[in-house]
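*Asks:* Below are the chains, spelled out letter by letter.
Protein chains: 2
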Amino acid sequence: MTTIQPLVFTGFDPHRNALEESLFHTANGYLGVRGCPEEGAPQGVPSIRGAYINAFYDTKPIHYGEKLYGFPETQQGIVNLTDVQTVRLYLEDEAYAPLASGQVLDYKRELDMQKGHAIRTVRWRSPAGREVEVTVRRMASLAQRELFILHYTVKALNFSGRVRLVSREEGDVRNFADPNDPRVAGQSLQHLAVKEIRPLESGGLIVSRTLASNLQLAVAVGYTPPAGFSLWMEGQTSAIEGHMEGMLYQGQSIAFTKHVVFADSRRHQDPVGTALSLLKETTAHPLMRYEVLQREMLQQFWQHSRITVSGDPALQRSLDFSLYSLYCSVGRDAVSSMPAKGLSGEGYEGHYFWDVEIYVFPFFLMTSPDLARGLLSYRHAILPAAREHARAMGHQKGALYAWRTIAGPECSGYFPSGSAQYHLGGDIAHAFLQYYYATDDLDFMAHKGAEVLVEVARLFLDAGHWQGDSFRIDAVTGPDEYSCIVNNNFYTNAGAQDTLRGAARMVKKLQEAGKAGPVLAATGVTPSELSAFERAADHMYLPYDEALGIHAQDDGFLRLKKLDLHTIPKENYPLLLHYHPLWLYRHQVCKQADTVLAHYLYEDLADEDTMRRSYEYYEACTTHDSSLSRCVFSIMAARLNNIDKALAYFRDSATLDLDDAHGNTKDGIHTATMGGTWLALTAGFAGLRIKQGGLSLSPRLPRSWTGYSFPMMWRNSALHVTVTGDGCQVETLSGDPVCLAINGQPVQVSPGHPAHLPLKVG
Amino acid sequence: MTTIQPLVFTGFDPHRNALEESLFHTANGYLGVRGCPEEGAPQGVPSIRGAYINAFYDTKPIHYGEKLYGFPETQQGIVNLTDVQTVRLYLEDEAYAPLASGQVLDYKRELDMQKGHAIRTVRWRSPAGREVEVTVRRMASLAQRELFILHYTVKALNFSGRVRLVSREEGDVRNFADPNDPRVAGQSLQHLAVKEIRPLESGGLIVSRTLASNLQLAVAVGYTPPAGFSLWMEGQTSAIEGHMEGMLYQGQSIAFTKHVVFADSRRHQDPVGTALSLLKETTAHPLMRYEVLQREMLQQFWQHSRITVSGDPALQRSLDFSLYSLYCSVGRDAVSSMPAKGLSGEGYEGHYFWDVEIYVFPFFLMTSPDLARGLLSYRHAILPAAREHARAMGHQKGALYAWRTIAGPECSGYFPSGSAQYHLGGDIAHAFLQYYYATDDLDFMAHKGAEVLVEVARLFLDAGHWQGDSFRIDAVTGPDEYSCIVNNNFYTNAGAQDTLRGAARMVKKLQEAGKAGPVLAATGVTPSELSAFERAADHMYLPYDEALGIHAQDDGFLRLKKLDLHTIPKENYPLLLHYHPLWLYRHQVCKQADTVLAHYLYEDLADEDTMRRSYEYYEACTTHDSSLSRCVFSIMAARLNNIDKALAYFRDSATLDLDDAHGNTKDGIHTATMGGTWLALTAGFAGLRIKQGGLSLSPRLPRSWTGYSFPMMWRNSALHVTVTGDGCQVETLSGDPVCLAINGQPVQVSPGHPAHLPLKVG
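Same order as they appear, the protein sequences are chains A and B. Using this note's numbering, read the first sequence as starting at 1 and increasing by one per residue. Using this note's numbering, read the second sequence as starting at 1001 and increasing by one per residue.
The set of hints was computed from the structure by calculation and includes no laboratory data. One or more of the hints may lead you astray.
For the chain B half of the interface with chain A, some residues (derived, Cβ under 7 Å), not all of them [said to hold, decoys possible]:
1) H1063
2) G1065
3) M1393
4) Y1414
5) R1586
Label pairs and their computed distance ranges (CB to CB) [unchecked claim]:
6) A:D469 x B:P1313: 55 to 65 Å
7) A:E73 x B:I1568: 20 to 30 Å
8) A:T526 x B:I1568: 23 to 33 Å
9) A:D462 x B:K1691: 42 to 52 Å
10) A:E73 x B:V1292: 54 to 64 Å
11) B:Q1190 x A:P384: 37 to 47 Å
12) A:V45 x B:Q1190: 34 to 44 Å
13) A:Q396 x B:D1644: 34 to 44 Å
14) A:E388 x B:I1568: 20 to 30 Å
15) B:Q1299 x A:E73: 51 to 61 Å
Just so it is clear, CB atoms sit at the ideal spot from N, CA and C, and this is done for glycine as well.
Next up, chain A with everything else stripped away, as it sits in the complex (with noise of 0.2 Å):
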């Protein structure tokens, strides 16, 4: 396997501190912690001192100016953690503290993702003359879910004298808030109360409980101390420390480590317990083997995910960092599911979003199936919330997905953009869907999955209406909320349209395989109901404009005043910090493009020249103000063969995140945009569909490119996909043979015998 190339950064600006600690936070799924200075960031260096567990949440209230029936009163959102990233040094009598004094001599951040963890190198000259080197490994452990490891080595450049080293535990600790951005918390609370300080011979343990969802967390801290040094603990009201001293020669470096370990009781009984146990088992082992698990699961990882493409360097980088902050991110229970901005910050408040489903779910469907099924699992543990969501929205029947939530209920506190998203619901049954097509899991889907597709069905069902012979859904909002409540929205209807199929169609498959007693149980499903649903489907309204010969973003768009985005001031990018939602819905812009998502999900609703025309008409509408807007323009400009745009909107949205293209990559980066970036690979220039059919790729190579390579699942298969100038060749590495279509050809490969067929033109 070739080397990955670590993500590195020089040089040190403290105005990117914030984005920094974003993009090296070190995370598992589990835990995620940011990448902050460990001696803290001096007044006016941005930083957000935060650490989180997935699903780990506080509830809160939501104000409202105008309460309506209906509202929700209270929202979730994840809790920042007891901090345990505080280190102090002190050189004889001097703070070492490299962003507010002395003078910085060399400053880089690493992230290693083969070993899978963050180093912070700074080598620092004192106002008193001492350098010294500092270096700090962070680690999430993929192994040991609860484990951080914090190794901080200090090398003495030109001195010898007494060191000594304060490592703190800090209980008393608040969400961070910026009121005036609505992608981020409004007000900064304080959700985590401090229940016990108990310090340990050589560490100690910090117990603490939610504020108002009362949920527990436990924090047990080990040290190792350099050798040499003495090591005290000291408790205090909200915090412990470990205090380590001794003497550092010049030349020498010494170094200690800390474990930490997390345990929250949405996972775990005993939290406390659970803490001190495993702090127990895990410093007994050496450091190098939670190194070498840490490694060896990566290896694994890369083997079977990652993307390959000749001839640009950055751009590997990208994917590479992509796909790593992704399987970092996602949860591994059904209690969690991929927050927004993964584990790596507060935005959008730790909640999980239709995101998963669409941008981040294929990802994993076809490189780690288990995950994608955990994501499902998720789904299917929140359906009694979703169901109650229902009916307070006045659905007699069926389950509406919160919009935003971490344990199931809305936490949305603005609906035409939020529980208004009728689509979710769509997106959710795509989901399913697409798992069983391509894992053929019957068993799931006889367990949860028909459940889940029913219950959604249902929904749509109630929530549309007949008129005339065409089924109609009105008051919804599509992906793009720059139009709000509208009626019929193409993507919305063609969801629906996919999801009350594909839920009649699942449990008479399960009738006939004899396996529909869960579903039949759990949701009393009936033969008429199932008919229903075909009905529905089959006559589905789908808005078309003949004059324009496309699909109509709703029932309105099309007449909507036209806005040249030309005449828009750069800098009133994007529209939604700038401009009333009301001017907005007023106007023919969109956020990102519902019509043109809906021709890549639901491709086959439309002929070839129709989604041209829909790709050109929206593409002129479309200020990507959504980071997932380019993905799905780079995946349908590929689509319809114009390699060079597809190239284009490719880049932009692989490198979102390290080029902090939104200029919000300081409060957590953008999983869903990462997901996005595979799928426009794979999906984009490979043309990767899976559908009932079974699986299909439409390779096409960029010209800059000499070529790109990806492995992937299929069934019990492993794939590999090599596209290059001369054709694409397809190798089964293990399992049984695959039968697939390449450019419309049906073909069928097998270990040993691999498919090369040339690249689609034109």
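Position chain B against the provided structure of chain A, taking the given hints into account.
*Replies:* Then chain B, alone, in the frame of chain A:
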């Protein structure tokens, strides 16, 4: 002039207390004092203790679940004033507490609408057996707006003894809150801070400031104690008390008077000086003087305003109450207008809405044109804020009036049924045009009216757009808040058309009259702009459904899911308190029917058959959950000659507050419904219309009535209209000859030469 029966409620029902506080409040357009029990309301007896000055507000932050660009950050709300209602009476050692202890022998509330005061009389037996009759008379002076007089009489029925009276002015007051009703403020907050307590020789002064808006309020009080009673004043931290003590003998009555002067810094440069000098002046006069003035002013009011209905005393009482309440609630300066609840409560936070122009204004226009002009002057005065609001909402030109406001800025915390109601501009323009048609006051139009018309027309031109050869206005909300953010709301577009056309005409008329200087200076309107107004008006898109032969409420309404209102359980009304807005938006259901209202206001847009079909179609969809709905249905039922139905709607509308039909009169009276009641009689039964072409009537008579009559002003002539079974008679009481149309037939009336025509049939 016939006697106007007082409104009398007898019998004691503690649960009706808050309701009666509203109904028996005393107000004069500047000041309003709820009719709260002087002795206080014990726990369990609903009470909203309050007094208000029109347009005297504090600001408070608006909190949002999700704050988007342009959402207002603060909100103005009417302030509950220094409480001057409290009087405690002690009979020897027993406190007078009819709502809490002892036995109420007789309980009577009376509103004398000729004398202009409210009286509460209680006969009570104390736990120790003392029987007393306490009569409190209250008056908010119409002659001296700052003055409130409380006259308190105690009669010993079966005992003699020492009596003590403690009358308290309390500065530590708060506003009322009910977080679960969107029609009432959600947060109880202190808004007034006491700055000075100054006891005077026989009274005192309390000076306060609003906490956020920093407005000043001075309240000066003067006592005239019962003869033979001692009086001493006590200043406390936030209050002043007047203590009176003396002997009361069986069968004897004693009485004290409290003069209270309120002066605020929105009207007075030196509120303290004003309050003190006005107190001196008003207490120097005998009480009788203000009673006489009050009666004289009301006599005039009734003379030029009273509607009489023969054969229905209950309805007559409701009508009298409605018109009296309107007169006592309307602002008399350009600082204030008509709060939705008058000055009788805090409902809707003392804000001014569109109701003023559409429901309340016509009554004043036709009975007290000076007051009508005052309402328009208020709109002109807040034009700068409306311009600013337009910019915030993304409009380059024009003025967008705030949906709800006191001093101009938008105070709505939910824009879909707030700022999105662009029809407000049309409503205001309509009122200005009606004013001009009825008064011929071209000078007012030159200096104020035309500027408002031009700025509102500009806004509609900027908000709308051309599609082909029709001018369309998207993303607005009509008066019916059960549909929000729709395209081409018929009512809004009709109002925009009226405004655009009216603005162009008015500027041209001023130019012809050589009076265009002020409007050109204020707006810089150009001939090409006027042409653009006219062109947009001429091509305004007014949605019409060919199949149904009716105007559609908006582009989408007639294709929404139908809702059979009979399937909704009775307890689920009003729907807004039982269904999520999205559910409402998805159905063909109206809180009030925009199209029916449009057919009344802009009746020349549709033929009779279309109006009838519209009426019938929308009647089946309308819940009348808005108190503004029934009067409009009454008008249109009369217009369509369905007189029985018109009468039923009229009754419901007229008795809304006295019957507490919406269950929320405790929060204040419904002034707009009261105006609507006047409209239902004059515009409904009498068919009164005011258009560019002049005045017209089409009188009809409900079968159960023997007749009705009403006075009105037209230009400088006082007219009186009498409708009986014999026909309709129009007399001129004073002024120039008037040309008008009765049943389409032109007639001229002049003093001594009435017109008499048969009633319209069919």
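*Asks:* Taking the hints in turn, state whether each one holds.
*Replies:* Hint check:
1. H1063: Holds, because the Cβ-Cβ distance from H1063 of chain B to chain A comes to roughly 3 Å (cut-off 7 Å).
2. G1065: At about 2 Å, which falls below the 7 Å cut-off, the nearest Cβ of chain A leaves the hint on G1065 of chain B intact, so it holds.
3. M1393: 5 Å, holds
4. Y1414: Cβ of Y1414 of chain B sits 4 Å from chain A, so the hint holds.
5. R1586: 4 Å, holds
6. A:D469 x B:P1313: 55 to 65 Å: The hinted range 55 to 65 Å holds for D469 of chain A and P1313 of chain B, with Cβ atoms some 57 Å apart.
7. A:E73 x B:I1568: 20 to 30 Å: 24 Å, holds
8. A:T526 x B:I1568: 23 to 33 Å: 27 Å, holds
9. A:D462 x B:K1691: 42 to 52 Å: Once the Cβ atoms are compared, 48 Å apart, the range 42 to 52 Å for K1691 of chain B and D462 of chain A holds.
10. A:E73 x B:V1292: 54 to 64 Å: 55 Å, holds
11. B:Q1190 x A:P384: 37 to 47 Å: 43 Å, holds
12. A:V45 x B:Q1190: 34 to 44 Å: 40 Å, holds
13. A:Q396 x B:D1644: 34 to 44 Å: Once the Cβ atoms are compared, 37 Å apart, the range 34 to 44 Å for D1644 of chain B and Q396 of chain A holds.
14. A:E388 x B:I1568: 20 to 30 Å: 22 Å, holds
15. B:Q1299 x A:E73: 51 to 61 Å: Holds, at about 53 Å.
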